[in-house]
Amino acid sequence: MAPFEQEIEAIVDTILEDYLHGRDIDRIDLFKQPDKDIIIDMIGKLRRIIFPGYFTEKTYRIYNAKHNLSMLIEDVMFHLTEQVGLVMGSKQEAERICLAFFRAIPQVRALVQTDLQASYDGDPAASGKDEVIFSYPGLFAITVYRLAHVLYSLGVPMIPRIMTEHAHSVTGIDIHPGATVGEYFFIDHGTGIVIGETTVIGDHVKIYQGVTLGALSTRGGQNLRGKRRHPTIEDHVTIYAGASILGGETVIGSNSVIGSNAFITSSIAPGTTVTPKTQELQLRVKEPKKENDK
Amino acid sequence: MAPFEQEIEAIVDTILEDYLHGRDIDRIDLFKQPDKDIIIDMIGKLRRIIFPGYFTEKTYRIYNAKHNLSMLIEDVMFHLTEQVGLVMGSKQEAERICLAFFRAIPQVRALVQTDLQASYDGDPAASGKDEVIFSYPGLFAITVYRLAHVLYSLGVPMIPRIMTEHAHSVTGIDIHPGATVGEYFFIDHGTGIVIGETTVIGDHVKIYQGVTLGALSTRGGQNLRGKRRHPTIEDHVTIYAGASILGGETVIGSNSVIGSNAFITSSIAPGTTVTPKTQELQLRVKEPKKENDK
Amino acid sequence: MAPFEQEIEAIVDTILEDYLHGRDIDRIDLFKQPDKDIIIDMIGKLRRIIFPGYFTEKTYRIYNAKHNLSMLIEDVMFHLTEQVGLVMGSKQEAERICLAFFRAIPQVRALVQTDLQASYDGDPAASGKDEVIFSYPGLFAITVYRLAHVLYSLGVPMIPRIMTEHAHSVTGIDIHPGATVGEYFFIDHGTGIVIGETTVIGDHVKIYQGVTLGALSTRGGQNLRGKRRHPTIEDHVTIYAGASILGGETVIGSNSVIGSNAFITSSIAPGTTVTPKTQELQLRVKEPKKENDK
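Residue numbers (our numbering), protein chains in the order written: chain E, 1 to 294; chain U, 1 to 294; chain G, 1 to 294.
The following block holds chain E by itself, in its conformation from the complex (with noise of 0.2 Å):
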């Protein structure tokens, strides 16, 4: 054997090795496990569900459509119904939970509708309805949410995570499909949003890029979960790019706005509008040299 391939040997033996340290990295015997990729399959095709006639492999006529459409539907239920199952435990509680996530479709759809039409109003730069569901990231991860929080109010442990973070990776926003949102919820632009897991949310809510809704500390690590952590926004407020509003105690009042940057971690009465003080007096301007001073 040539001396590159034993050393080749060597390290595969070292490594094979260091699986036996017993840590939480070195668990090799995974039976339960859901499948990333199938779940990430999965959200695809609810998409396809939600909006029958965009995401669709060509379908010219009508009951061909629907008929594509049951087979669909069948094919994400089979699909979910395994991987509840695995991490669940159990085939029949998985069958239980499927049935009642798809009950809860035509209510997603229905909440879609209206961030979709929120999505639209507020933002001059959309040309039409069509654009924001082919090409708007907010409308994404909001339709991802909305279905992962079904699955989370169901008991469902891990697959609400990993469909929320799969949104978070393709659009920027961290929405915890824990957290309790309302109609008509508009998010532009979107990067760097979190939205933390305790949030409740109103209706008519906008929120820009930037904005953290997240916990003052989180020190006491896993002492706090479960415990409300995160804030709640009423109907009709907006929040500008970059602000951060924090703490389970903090309720911004409805219809308030809150500027860009504000740092907010006590509740706002309704109707106020916040924004960092004089913002543009904090500058510090260095003007050029004139002419005559050479």
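A few of these clues could be false.
Note: identical chains are not told apart, hence a pair may lie in one copy or across any two.
Taking lysine-lysine and the BS3-like style, the derived pairs with C-alpha atoms no more than 27 Å apart in a straight line are [said to hold, decoys possible]:
1. K129 to K227
2. K129 to K66
3. K36 to K129
4. K129 to K91
5. K66 to K45
Just so you know, the hints here were simulated from the structure itself, not pulled from any lab data.
Assemble chains U and G onto chain E, guided by the hints.
Only chains U and G this time, still in chain E's reference frame:
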């Protein structure tokens, strides 16, 4: 039929009925829609046309390269004509636009060469131009924007936005295809950059992560369509991380430097340096107790 | 020949002529270039080597798992040697580097186990370590960085940066492979994080979304190559969302806490808590008119 199968069938029927509400999301008979997968595939091929030696599939002889590139150009030409035809509803119009688009390729390449030079010159971490072309998200997003901008300028709907939203998804850099950008444009790191539809950027401009060139307020929604809403950035301006420059009447004069996190809503004279005032002094520092305090 | 075909032919010729300008982007005869697709595929396989039980293709018996892992390691070894050979121009050098890289795998795994522990301990929303491994972008970006850093330290050009830029694209977290990072590193949410080439990070450091560990100014461009430009973060430091810490001489002392959106360009003593001064007071609040004002 087993109860589970019966339940599934009932659910499928419910969802199919849900498509009959006549809302936007219920449209099922869409004939003229662009194919996002084909458009994303074209972006990859256009990038090989822009950088012929970098992303080709291992062609080792010049005459072969030439032959392959001809085929590649004709391939993109064919698909682009088809996709533009779908959104314009006219084959003749689509052919006219595609010819104009490809006639602009040498001009796009000349601009991208200046962007490449600016990226290399501006980043001490760049070990060579090859590394910039292979791995810099800024150059990728700018290249896709420059291609999409040509289509946008030729009046093509939807497709340019699908292109820049793909780049946005890959890089976190959201440049609207309607923006106007001069030569030697450099974007460093990139994540979280938003450049709005009516922005005008001069030559030799540098932009860092988290910068927004946005609208002051979009509460006007669809009423603001087509109006100037985003700022003008003149030549040789540098804008550091997290700065926001807003408003259609805001002009940043040439040779100005905008500091990190500055928030600007009115014009700045040429040659000005703007930084959030005494940023360090605004810090509240709580030092640790000393040993003898115990 | 039809007029449209003639026009296409003329355009193809124009583009082929455009490749003869001799600019960087015109290079057509590149023999030694790494293959981005192969490198990205290797990242997936390396992740399976790091977490053998999590991303494998359903192997249910230990001896099978062992066999599969041997094959996987040899597969990555083969491709990595080839890719490194392309950028180094020497097969012998490539073999030496690949052996060194794989010898470092147990050390990388030991570090990743500490990162996993830190991610789980630090996030109350984490329902288990499985969820962290499957879906947390922070752990993904750190894992890719740790692998790329080994190659960077072995003097491999381009490939490390292609690896971390892939992670940047997937997660919005941009860690330069040249950065030095201690154990128990936790990144929450992640989008918009930038960690520069010469940054040094100690043990038990936590970083939230939108944090920049960057250079004070890069106007020196390529003249600054190889010089220390980014900060030092000592052990047990927490840096909250949106903070910027800049400059090669800036040291954040151990056990310090840097508040959201803080902007720091000089050193901070150990044990210090730094927050932007009275952030709430800086807000300008416009409350709604009361009922009796009508």
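To see whether the hints hold, each was checked on the structure:
Taking the closest pair of Cα atoms, K129 and K227 come within 27 Å of each other only across two copies (19 Å); inside a single copy the shortest separation is 39 Å, beyond that limit. Taking CA atoms no more than 27 Å apart as the test, K129 paired with K66 passes inside one copy only; the shortest distance there is 23 Å, against 42 Å between copies. Taking identical chains as interchangeable, the C-alpha atoms of K36 and K129 lie at most 27 Å apart only when they sit on different chains, with a minimum of 16 Å there against 31 Å within one chain. Proximity of K129 and K91 under a CA criterion of 27 Å is satisfied inter-copy only: 24 Å between copies versus 40 Å inside one chain copy.
Taking identical chains as interchangeable, the C-alpha atoms of K66 and K45 lie at most 27 Å apart only when both belong to the same chain, with a minimum of 15 Å there against 35 Å between chains.
The structure agrees with every numbered hint stated previously.
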